[in-house]
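Hey, can you piece these two chains together into the complex? The hints should help.
Protein sequences appear in the order of chains A and B.
Just so you know, the first sequence maps onto residues 1 to 444 in the numbering used here.
Just so you know, the second sequence maps onto residues 445 to 1232 in the numbering used here.
Careful, some of the hints might be misleading.
As a list, the in silico DMTMM-like pairs of lysine to aspartate or glutamate whose alpha-carbon atoms are at most 25 Å apart [stated by the list, open to error]:
#, chain 1, residue 1, chain 2, residue 2
1, B, K1225, B, D1060
2, B, K497, A, E284
3, A, K242, B, D821
4, A, K259, B, D1060
5, B, K1209, A, D302
6, B, K737, A, E249
7, B, K499, A, E307
8, A, K9, B, E945
9, B, K499, B, E515
10, B, K830, A, E279
11, B, K805, B, E910
12, A, K49, B, E1089
13, B, K615, A, D229
14, B, K612, A, E249
15, B, K496, A, E307
16, B, K612, A, E232
17, B, K612, A, D229
18, A, K245, B, E515
Don't read these hints as lab results, they were simulated from the structure.
Bear in mind the structure is a predicted one, so any value in this text is a computation, not a measurement.
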Amino acid sequence: MNRIFVEKKAGFNAEARHLLHDLHESLGLPQLERLRILQRYDVGGLSDKEFAEASRLILSEPQVDTVSQTLELASNESAFAVEYLPGQFDQRADSAAQCMQILTGMDRPEVYSARVIVLEGELSAEQLQSIKNYVINAVDSHEVAVEEMSQRAAAKPPDDVPTLEGFNSKSPAEIRKELGLAMSAQDVAFCQDYFGKKEGREPTLTEIKVLDTYWSDHCRHTTFLTKIDEVEFEDPDGPVAKAWKSYLETKRQLGRDDKPVTLMDIALIGMRELLASGELDNLEVSEEVNAASIVVPVSIDDGPEQEWLVMFKNETHNHPTEIEPFGGAATCLGGCIRDPLSGRSYVYQAMRVTGAADPLTPFADTLPGKLPQKKICQIAAHGYSSYGNQIGLATGQVAEVYHPGYVAKRLEIGAVVAAAPRSQVYRASPSPGDVILLIGGHRS
Amino acid sequence: MGGTGRDGVGGATGSSKEHDDTALENSAEVQKGDAPTERKIQRLFRNSELTKKIKICNDFGAGGVSVAIGEIAPSLVINLDAVPKKYDGLDGTELAISESQERMAVCVERNEIDYFIAEADKENLECVHVADVTDSGRLIMNWRGMTIVDLSREFLDTNGVQLSATIKVAKADASDPALDKVSLSEHLASLNVASEKGLGERFDGSVGAGTVLWPFGGSQQITPPDAMVAKMPLLEGQTNSCTYMSWGFDPYLSSRSPFHGAVDAITESVCKIVAAGGRLRDIRLTLQEYFPKLGQDPSRWGLPLASLLGAWHAQHSLRLAAIGGKDSMSGSFNELDVPPTLVSFALAPGFASHARSPEFKLAGSTISLVKIERDRDLLPDFEALKTIAEAIHQANAQGDIVSMHHAGSPGIGAGLAKMCFGNLIGADIRTDEDITASATLCFIIEHSDALPPELKALKIGTTVSEPKLTINGESHTLCELQAAWQGTLEPIYPTLPGIPETRMIEVPLFTTCMRDHSSSAITPPRVIIPAFPGTNSEYDSAKAFREAGAQAEILVFRNLTTQHIEESVKQLAEAISQSQILMLPGGFSAGDEPDGSAKFIATVIRNPRVADAVMDLIKNRDGLILGICNGFQALIKTGLVPYGEIRDPDADSPTLVHNDINRHISCYATTRVVSTQSPWMALGQVGDLHAVPLSHGEGKFMASEAMVKQLAVKGQIATQYCDAAGKPSMDPRFNPNGSVAAIEGITSPCGRVLGKMGHSERAGKQVAKNIHGDKLQPVFKAGVGYFS
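So that you can see chain B by itself, here it is in the shape it has in the complex (with noise of 0.2 Å):
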């Protein structure tokens, strides 16, 4: 738990040090992470004025305490006895150097102590007094009572020996290999082409409600965008202001020339900026080195050199700085190297209303290709791009680009192919490119209008409503394209179960509703939302429910001692009595462990004191609880739904396990309501369509057929996972975890308990801009219309 242990030390230098095949057995080992106590130390940095009480902060990494809190001061007097471990038995040495994760070392004023312990204490983090800061010019170290570091900060600062290199920069050769001629089938497929939206599936995309282009975009959610973008975090408001990140790398160019590799990567890592949407000009990039280990070779060392200068030449012709960068020079083992390696990283701030995404939007809309061409030493006419991004974006903030996207390396036929996937819209194309060569600075665009002359755009075709790419007269059908394109990784990353479950089992929908309103009005109903060690959507949740209306408070609960679990029961039990309603939200309470989501949260529903207060709310004080992804675990697995009471379950008892594809799931579903029976569907019709986000990793619903259908008769099941016209599906394109029956929500008898998977509170304005459906799901409003 983020305490110093052995098994970090070593972890600077070991990854310093050159690699030979003993690697697995004696190097220095590796950390684990725990994310649970990292968040917490997020929500302790979210409090303004606690960061304004800080001057410098350091955070622990690999160098441990010596260099985490050495570098904060150049004089200090640091207490290793006061430094928490994870075990006994630590000497001196090791309490200096260990790596540990999840610490943060802050500078202030000696009157702050107090303040800061009470304040990381109310977010369940322990915080010490370690060190002091002196005008001595020495660091000191003390361990049991001696002095086992006196360090004159001259001599530390000094970095050891200046070494000195003699560099030998090899010609470079840019130029393409000549390659096979393949097919666009057998491209698509070629590995560095290939889909990986199986690896993307695993990460979540949606917590925050700011992403502004979801990873796999259209109908099909399955053309990547060129860049990232999300809504700059808010806890309360809205706002356009957003930022786009992208990325640039070639490996293949980067071995034939370093110099060009770097130079593309930098420029490629803008072109993407500029196609999402971004504005050249506000770009700002920050850079990572991979190189080999150079030792004493002069030629060696000619790689990391001429990949700085090809930087350098594409920051000094952008006018684009890169302000930040890291570098990694052990890419060795034994006589292997990597190949020489920079990735670039663009970052520009800008609107999430500019964003773009690639996939085609309409038929009948004309296809341009604008270039920017490559002098004799094969850079980058560096003018030009610069003109014609900047019209580009001129063009797309008018409104005049439906669709773009740049081709880079895998050239323009598959950008098309990419391009027409994502809405299973077609493309006529005439062009005398070379459809599978590498197409860097190359943009392909959908527009209606005319483009403004500056992009020198020339049209290369029509897109059409028949789901076929036909190029140069030649047709391939999209779906003959897209198995190409994604056959290749499923063996590595699946995007599909190995054993779906198919029985469906069919739900009527409920329409003799009659449900019931609050007994007594109480405006703004108060929402108390538990943070457990391990959730991370107790922001999303309260933002959603003040935008509603609500009176939202976040309980952070805290078991670092069995004082803090007493007074924490305490509290929340307290607090679910002065609320009108209690959400559960999303996370990894405890990290799903062990071996089972929403234990954590259950075990605390189980005590006795929060027990009664929950049976209170629902039985006696007309109150409301919802409980989304980990929360709906949670109620599930105490009985909440679909028993409306706290019990043991029983081997039959539903519950939500494993998704089918044994692995995280984040995409978007279409869901329908089957039943407004509960307070919390009241603001919708029964056949209503929502697309909600899913992120999870438990989330199959399991119950026996009998249940379902007494589940289906008393109106419980409240909504379904179906397809985009709105039928229930075992297909798991559209039920992605399995669910029984394809039940996405349920509701306790008297329908005021709700658990669902589906994060309805991830959504607003510009969210997911390229997923198609009604995003908006009222639950929150009506939940609190229930006390209106």
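Isolated chain A (complex conformation) (with noise of 0.2 Å):
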């Protein structure tokens, strides 16, 4: 393993003086002079001679950079080193792999990179504490030894999958909690009744959460196909009860009166007016759900029109961005994306529409176990566009709307426009005998 140190120079250092302004600001600290932001970089599978040459060309560039062998401290400077943790994907690691690999040609090399911040100052062990506390999101990074080497230990073989034996009989409630389960007790209950009766067997853990997985709301709408029972209107002859009627009579226009009433059906009554009445006369109807898609003319070079399709989705991303702002708005835009593109369409514009509390609140107001407004605005904004403006998406419109109660949790939503011809998108039912391939970044 050979280790190197990159510290930008004086004039060049804008996060290190963000950081530092930002730590003043937000937790007082007039004891901390001044800070530095060293990057460090532990490399394997390199010669000395190759190492020096990706430091030179790679990890470091001599107009901005200093580099170092060794971190020395003065006696009034403290430092400490934040990594990400394990599995999480390091794009600054990655890619400093991938350039090695291009300068040496040879198999792709290890790379760990960590940030090490370096503190002066006569701090106290909690004002530290503090510091670090606001540094390390521990979500996704973790404090790391500033002297050792990082390293992955190989990992273990894992253990085979058990089966949970005595599920079917134990009280559901019990096992939800024991396996953390998303599922109702009377889910469980239900399974118990499934692997009981139907299969004559208990389940895999796998298979319980495969299960979880596929029946919870984010992938299923289980609120939104909740079967409404009975509505009370506190003002029966107000606008909602009307609108409500005026729905049920829809409801049975369409002949859906055997239909349950739920949320989703109240969703999607609109579309299903329009479509029977005629007047949603360009909607792509398929069996497949990627993205809203609808069939559009479009002329080229004022050729004759041409059949396109216009596909368009929308996503959230609240719960991610709210605890990790970076990787959770770069991953609502990510995943936006990938829906019309699973229809086979090329995104094109995207927009994005957040909801946050006053990002003006000063830090010292922010909850216990919720990172500040201003920290969760700034840093999703900078996931968001980063993501964006890599894949090379032009997003056309960005707003921020503040209320107080987003205080609870975020609103981070990703929407996207994307177009073919529709002659490039063919659709067929699945036979037996097909196969599924699986598209996408390499094993690493």
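Next up, the structure:
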């Protein structure tokens, strides 16, 4: 393993300046006089000569960086190092490894990156801890020793998947708690019934986790599919009750009397009405559900009109963005793009609408267990934009609405528009003998 | 890199559980995105021969393998051992349910497996056979020789026990609360009215060369359009076909009455499309719901019910359907709840030539209001809205409307102010309306001739050349109003750098041009455009070169394995030796990592084989090299500009560093031509001005004063950032990254290598209509013309 520390020269160390400013503003701490940020790389699999070349041409730039093999601290300086948790995708380390592989033409080396924060000033242990708490988001990162080399222990072969002995006979509430399931106790009982009566065996852990994922509100809209038994209106003659009556009337007219009333049914009745009347005449109807899709005539170079499909989609990543704003917001857009992309259309326009509490709220007023609104807003904007900017997607409109209620949880919506010639999109039902291929990044 | 890993375990169930203040410590972890990999999938799916073989495709997301593959067919056998993973040690359960990003599952006929693997490989992607479709009616997963999942589809598809609910709906009260009277300045400074330019400029708005309305319009690049409008993405050819998209939502109204909130969200999104030039009857909607955890509380269930009934009422009345939507029911933390949220997104296909931006364009125009009334229940008169929207569309299509804006909840005063800011055109207004009150269903229109009578337009004033907004005799300078509007969010989303570079180094125009011309005519010249992992401007660049008459080819640089790299290096070197032009396009090669841009491309260029081909091209073969944005970064980091040769950098070499504002910038800049010495600048005159889009994080040109002077003397400074009058500037409004000597582009001593930050390729008919200036910089034509 080889190690190098890279530090931006004065004038180029904006990140360190911003962090110092941020810590002064958010935590007070007049004792904190100076702050340095060093990038630490630990690299395995390169010769000393190769490593020296990589350090000079890839890991640093002489115009803006200074490099050193060791970290020297003055008596009034203290330092801590922050690294992504094992398994988190670290684009910095990954890109460094890709560049080094091109440089050497050999196998991709092992690269670990960490940020070392050096603090100057007489800080108490509590103050140092408060800085660490501020800088390290435990959701994706952890503190590592400044001196020790980063190295991942070789993974142990995993154990076999256990069969859940006694599952079918335990109390559903207990099972739910024990396995940390999102599904309800009724669902657990339903599973017990299925495995006991239909399968005549106990389930495996994987089966229960798969069912829990499948039936989650996230994947299956459990709330929206709940049957609505009874509705009582405080104002029976008001506009809401009138709309309820018109919904029920339309449901009847559409011959859907036998279908349960659910939030989903109300959400879809507008579309069903206009499909039945013929007013919604350009919907692309298919078994596949990728994104909303309409047929649009497009004329190119004043030639004859071609049929195109325009697909659009909105998606939220509220919970992930609340706890890890960068990754949460980035994957909000990434996931949103993949929906129309899976429909074989090219995404060319994005919008971002978010909701936050007042980002000007002082840091001291941050609720326990929460990140400050300012930090969430800024980091989420960075995450979403960095994904869109990298993938090359024009973001035409960005808006943030502010309401105190979003302190409970941020609203992070991505919306995208995509298009493709209709002739490019073939859709068919799978037949026995067909295969499923997985396309994506490589094994690393 | 898109593999399955433990960082995504519980992605779906975690976001569906209730949260309390331990959320930061023990919740499901969040994945990081890997945009360069998703970009590769986008490229792969632009191959129409391939897409025509896909029967069904499903993307990976929170549900991981179990859902992404499990949803494709009723009967499946999945081989979990075949699923690529990020690291060893994952067990079967983790492989089955881990969230994974940047992955697609496709269902194809068995005999297409090899074809798909080969095509994916060409795009630097891995493709593996992971499952088989059967007819057993069961979802089976095998791992390490054991069947670990064997479930009947029938059971899986029950979606669990159907729950039932009893609901109580509270009385709706949508009336506006009494608010303290505020001045127009105070109103503009309020959190939900304040300018969000510093936020918006972080996002690339120009890639794709299809953005019709720039996010911040007018000579001041400040007035936000009502909708986003972009042309259809074509690989070749021109079109006037485009899509309009807008959103609508007011959390305050939604908190008072979720029903009215939903009605108005839809109506507002529709009005914005109309104000931008789209047609009401072509609109389709998609809705986003976000509500607190409902539990068993009937009155909490009343929130989404009322909201969806509002959405139904608006769809039914407007005869417009929501054909998509997403719901999230997790908006609670301890005792805190998010406001009942229903955001409406409206989308309409239309024509780019119809798109209108809101900023006032002429002094002396008439300003009118067009309003739609509400009934006793405070619901819009939908019949009037439909009639008026169609009349507005017709009037606009005939060219009767100069500018237009839907005032919305910020109100008429804020709307007028924003319309004034764009081109610093003032307005003199007389009105009885409360100018700081919400004005949904109210259009402000600038026009010269009378509007059609169906609009029932009410004249409220005229535009004036003096930069002042006068309302009922009370005058405000635009400067004062704009300062209030922009000041509020400046600490969160700055528009200006904290410490801007201010010292100007004068660069004289270079008028002694001694440009050469290619010694042999080659028509059409061949252009090779490598696409590296993270490159995103190869399509736009190839299109620009083709339209200029070149034969342009994109070469994907593959690096999954050592063998790929070897092949790619060889292919690239060969392609360069067979081409007249090497173009390094924009993007974020390797995500601008490790900690600095273009290191990936620079490393490729330094490869001896590629380096030889590059030097042979410019030294011996009379060839040209162009690098834009990320390409410029690669050229400067290898020394090709300004030295004209590949060399190791030293501490004094010119380079490109982080913008002064320390974030990504996306804006238009005016540049002036300083030297036409380079063949790339041959079709212009010294002093020509162009408006070019910038989109980068590291675009600040750095060089010593001595170096700048030396470059100036040799005519190597091609272009500089300048103000509208053509004067080079260190003002961050005109030199947005803080470049030394305001330098935007430089060349090699011979002029055959040009590197520039501005995206000259992102231009075209109807692109950025609300931005002034000449947007067609003839760089590509000049490069092609060199070989004529």
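Check: Going through the earlier hints one by one, which of them does the structure break, listed in rising order?
Finding: Violated hints: 4, 6, 18; rest satisfied.
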